[in-house]
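Chemist: With these hints in hand, go ahead and build the complete structure from the sequences.
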Amino acid sequence: MIKYLKLHDDKCVGCMTCTATCSRLYAKLDNPAKSRLQVNPLGAGKFHLIACDQECRKCVAECPTQAISVNSQGVVLINKSLCVGCLACVAVCPIDAMRFFPGESTPYKCVACGACVKTCPKDALEIGSKEDGPASQQYQEFAAVAQGART
Amino acid sequence: MSQTFSKQDFKLIKEVKLGNKPIHRGYAMRTLYVNVGSQEIKDKPVSEDMKQRFIGGKGFGLKLLWDGTKPATKWNDPENEIVIAMGPVCGNTNYPGSGKSLVVSLSPMTGVPIDSNVGGFFGPYLKFGGWDALELQGKAAVETIVFIDSNEGIVQLYESPAGIEQDTHLLAEQLTHAFAVDEKDLQSIAVVSAGRGADHSPMGLLNFSLYDKRRQGIRVKQAGRGGIGTVLRNKKIRAVVGRFGGVSQNLNDAADPAAVQRVGLKLHREIVVNDDKQCKMRKQGTAHLMEVMNDYDLLPTKNHKYGQDPKGPELASWVWEKLFSQNLPDGCWFGCTMACAHAVDHFLLETGPYKGTKVCVDGPEYETAAGVGSNLYVYDPHGILELNFYCDTYGIDTISFGTTTGFLMECWEHGILNLERTDGIDLTWGNWQGAAQILHDMADGKRFGVLAGRGVKFLADYFAKEYGADAQFLKDIALHGKGLEQSEYISKESLAQQGGYYLTNKGPQHDEAWLIFMDMVNNRIPTFENKAEALHYFPMFRTWFGLQGLCKLPWNDVEPADNAKHAEPNKVPEHVDNYRELYEAITGQALSWEGMIRMSEKVYNFQRCFNVRQGGGRRQDDYPPYRAMGPVLEDEYEARAERYDKQMQEKIGVDPAGKSTAEKVKITRQFRFKQYDSLIDAVFKRRGWTQDGCPTPEHLKNIGMDLPEVLAVVEARIAGQA
Ligand code: SF4
Ligand code: SF4
Ligand code: SF4
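Protein chains in written order, with my numbering: chain S, 335 to 485; chain W, 166 to 887.
These are computed hints drawn from the structure, not numbers from a lab. There's no promise every hint is true.
Capping the alpha-carbon separation at 25 Å, the derived lysine to aspartate or glutamate pairs in DMTMM-like fashion look like this [stated by the list, open to error]:
{"id": "1", "chain 1": "W", "residue 1": "445", "chain 2": "S", "residue 2": "430"}
{"id": "2", "chain 1": "W", "residue 1": "445", "chain 2": "W", "residue 2": "733"}
{"id": "3", "chain 1": "S", "residue 1": "368", "chain 2": "W", "residue 2": "421"}
{"id": "4", "chain 1": "S", "residue 1": "414", "chain 2": "W", "residue 2": "694"}
{"id": "5", "chain 1": "W", "residue 1": "431", "chain 2": "S", "residue 2": "457"}
{"id": "6", "chain 1": "W", "residue 1": "179", "chain 2": "W", "residue 2": "308"}
{"id": "7", "chain 1": "S", "residue 1": "368", "chain 2": "W", "residue 2": "418"}
{"id": "8", "chain 1": "S", "residue 1": "414", "chain 2": "W", "residue 2": "545"}
{"id": "9", "chain 1": "S", "residue 1": "414", "chain 2": "W", "residue 2": "308"}
{"id": "10", "chain 1": "W", "residue 1": "523", "chain 2": "W", "residue 2": "545"}
{"id": "11", "chain 1": "W", "residue 1": "523", "chain 2": "S", "residue 2": "475"}
{"id": "12", "chain 1": "W", "residue 1": "831", "chain 2": "W", "residue 2": "846"}
{"id": "13", "chain 1": "S", "residue 1": "414", "chain 2": "W", "residue 2": "314"}
{"id": "14", "chain 1": "S", "residue 1": "414", "chain 2": "W", "residue 2": "350"}
{"id": "15", "chain 1": "W", "residue 1": "378", "chain 2": "S", "residue 2": "475"}
{"id": "16", "chain 1": "W", "residue 1": "431", "chain 2": "S", "residue 2": "438"}
{"id": "17", "chain 1": "W", "residue 1": "640", "chain 2": "W", "residue 2": "585"}
{"id": "18", "chain 1": "W", "residue 1": "839", "chain 2": "W", "residue 2": "828"}
{"id": "19", "chain 1": "W", "residue 1": "442", "chain 2": "S", "residue 2": "438"}
{"id": "20", "chain 1": "W", "residue 1": "811", "chain 2": "W", "residue 2": "694"}
{"id": "21", "chain 1": "W", "residue 1": "172", "chain 2": "W", "residue 2": "347"}
{"id": "22", "chain 1": "W", "residue 1": "378", "chain 2": "W", "residue 2": "348"}
{"id": "23", "chain 1": "W", "residue 1": "445", "chain 2": "W", "residue 2": "456"}
{"id": "24", "chain 1": "W", "residue 1": "186", "chain 2": "S", "residue 2": "438"}
{"id": "25", "chain 1": "S", "residue 1": "414", "chain 2": "W", "residue 2": "421"}
{"id": "26", "chain 1": "S", "residue 1": "362", "chain 2": "S", "residue 2": "438"}
Modeler: Here it is in structure tokens:
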């Protein structure tokens, strides 16, 4: 199973309560650039929400130090003490959900904690769960090819 | 798995605590000196003048080597050194290709300085302990392991214990486990080692390890060229082990870390988007070149006699793509998303002492697949992998080995060698088992293996003397410059590439200039002056990577989508600008494009003066053997008769009609030597050298390399005293 932040663009009004909650919680200040979740204005009162889907796991496969792993709830997490700050994960993330702040040494992403869900006045966010699919398991298959017997 | 050791099993000979020192703007401003003979271990300060003049990396290496050796020093004298140097940009984790070490030494093959560029973790780990370079000097009395703990700031010498393995794939694994404090620490260990082959051959290489968490074992990258592994073994150094745990972004203490991230991420993204449409480095590594070279008649086939073969596609990139484990972040340093360091996992060996075991083969890279593949007429990927593996673990350079074995096989074809002379090894084209037997015999120190391991320069003379074979023919097909075997591109139809190979400081290695496409395929540099300009610019530009600790591949093995729109696409201008920015962001020093070239010019000319000091660096040292310039044999001429006849008609002004092939071979040969002479004239002039190839004092003054000891060397040469 995969726990993730389910996004409802159609309900979002761009109030930025979620980004304030997230950045206050993880970066101790209100700065949308430091929020793990992004609200992108599309014009005409429409918004596009971006957060990790916890499913593609391209970053997990790409990380040279295995600093990125998947926990028992299926959430993709970065271990800061293993991270060397290369930003390869940022480059391979297909939806720009892996974030970094210029000059800070490690990247960050949504961990589906749900803090923002509680503060969103429009119910545009919820914690969802989904089944593992082929994409979510690929990173293990890639690594398995190289593992195992050698002298 | 062989026997396990722990550090406690090793007898400590010497320990010195020098402390660690934080890096400031890319530099530690000190170097580490270790003499394994006298057991002296000390730090040496780096002066501001050394930093300005020699920049770092190869520049620092050559400077330390110059100071540590004398004009009469031979490769096997105790005062010869191995210097491993990193450069200010080395070790950043953001820009792909930033983990290279530059290794220099007086080469057993050429007698002059060799420089080799290598990935793996050792260099960056050494640097993070606060060292810009490591100098290894002296000869140990007992087999020695040098351990540099960059976390603790301690340098130790250990006696290598009895029973420890000697070949890299086992030795580096044992040492990684012995020096790691626990499981988590395995990735903090980096080992530099050679193997049994390097004990018996001057073409020994250094393996630089990296611990691969996914494979749960070590991988190796090679400082391959020029025999530095032989120097290591001659010093009785079993291995040099480095340790550093806690790599993080910006250990280089960049002046502008956000700019380092910005320019690095820009290239990461470019690679992720473009690589699959361009070189496919992430899937195939440099092996992507195989079919391209075969198609353009440039893939060495039968000792560079031919450039293609109908069997060529059997070694094409897609064959390797299937064999390589895919979708792994196989960079040779953290943050290299180019990730070209591919491997074949669970490879079952069929020959030699490790027959029947499954191993991880690092590679092959293009040079290896061509050198021990098509060049030997081996089109069996399994054979290539076997040779690749054994070369690495025995510590033997695949390029020198491939070129040498090609030479031996051609000698076999011409009856110069036979079973009696090879101690029973059949060297028919394509017999990779025969080639493997040479390697095993080299590792075991057996007669023919040791003989073969001396390289083509020696063998050409030896076969002429011992077997009365045609000396000129042997000289023509012995592909070396200054004693170093040529790497694996056919140069005979590109005059500029002949210069790119042979008008070099260390010998014919393609890392100075690769001009074949520009010259032969696209005809962009038609005149001698154009070629001379390219043979000035590209060697200078490429030298810059070695000063910084950078890999050259991310410069032009991926390109911005609009690169072709630039006036000089071969220079990949946008990437040059990335490098300029990266350097500025790390060191805080302003740099222009001209400034980059000037940095390199200083070091490049210094290296040439170093050659002069050691008795080389003359015009006569810079000629190719004829196989690298044109068709040696009649059937070789016939294979490209159309091209050669046309050239005779149009460029030489001789009508080929009615002439015998033997006559035509001779006419072509005379013409090509004349062309090459004109090229040397133009290149030496452009480089600011005398017509004998010595940098002039005026030129050294102009570029800021007018150190008194350097001027003294060139003045003596020009006055005819040296
Ligand atoms: S930035 Fe950190 S988490 Fe991301 S790929 Fe690099 S080491 Fe892994
Ligand atoms: S690559 Fe991006 S979207 Fe995919 S798991 Fe990683 S952070 Fe999430
Ligand atoms: S491009 Fe290849 S050789 Fe160069 S640094 Fe990256 S992985 Fe290493």
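Chemist: Next step is simple, just say for each hint if it's right about the structure.
Modeler: Structure-based check of each hint:
no. : hint             : result
1   : W/445 with S/430 : holds (23 Å)
2   : W/445 with W/733 : holds (23 Å)
3   : S/368 with W/421 : holds (20 Å)
4   : S/414 with W/694 : violated (55 Å)
5   : W/431 with S/457 : violated (36 Å)
6   : W/179 with W/308 : holds (14 Å)
7   : S/368 with W/418 : holds (23 Å)
8   : S/414 with W/545 : violated (45 Å)
9   : S/414 with W/308 : violated (40 Å)
10  : W/523 with W/545 : holds (18 Å)
11  : W/523 with S/475 : holds (20 Å)
12  : W/831 with W/846 : holds (23 Å)
13  : S/414 with W/314 : holds (23 Å)
14  : S/414 with W/350 : holds (16 Å)
15  : W/378 with S/475 : holds (15 Å)
16  : W/431 with S/438 : holds (17 Å)
17  : W/640 with W/585 : holds (23 Å)
18  : W/839 with W/828 : holds (17 Å)
19  : W/442 with S/438 : violated (32 Å)
20  : W/811 with W/694 : holds (23 Å)
21  : W/172 with W/347 : holds (12 Å)
22  : W/378 with W/348 : holds (10 Å)
23  : W/445 with W/456 : holds (13 Å)
24  : W/186 with S/438 : holds (23 Å)
25  : S/414 with W/421 : holds (22 Å)
26  : S/362 with S/438 : holds (14 Å)
Comparing the model with each numbered hint stated earlier shows that hints 4, 5, 8, 9 and 19 do not hold.
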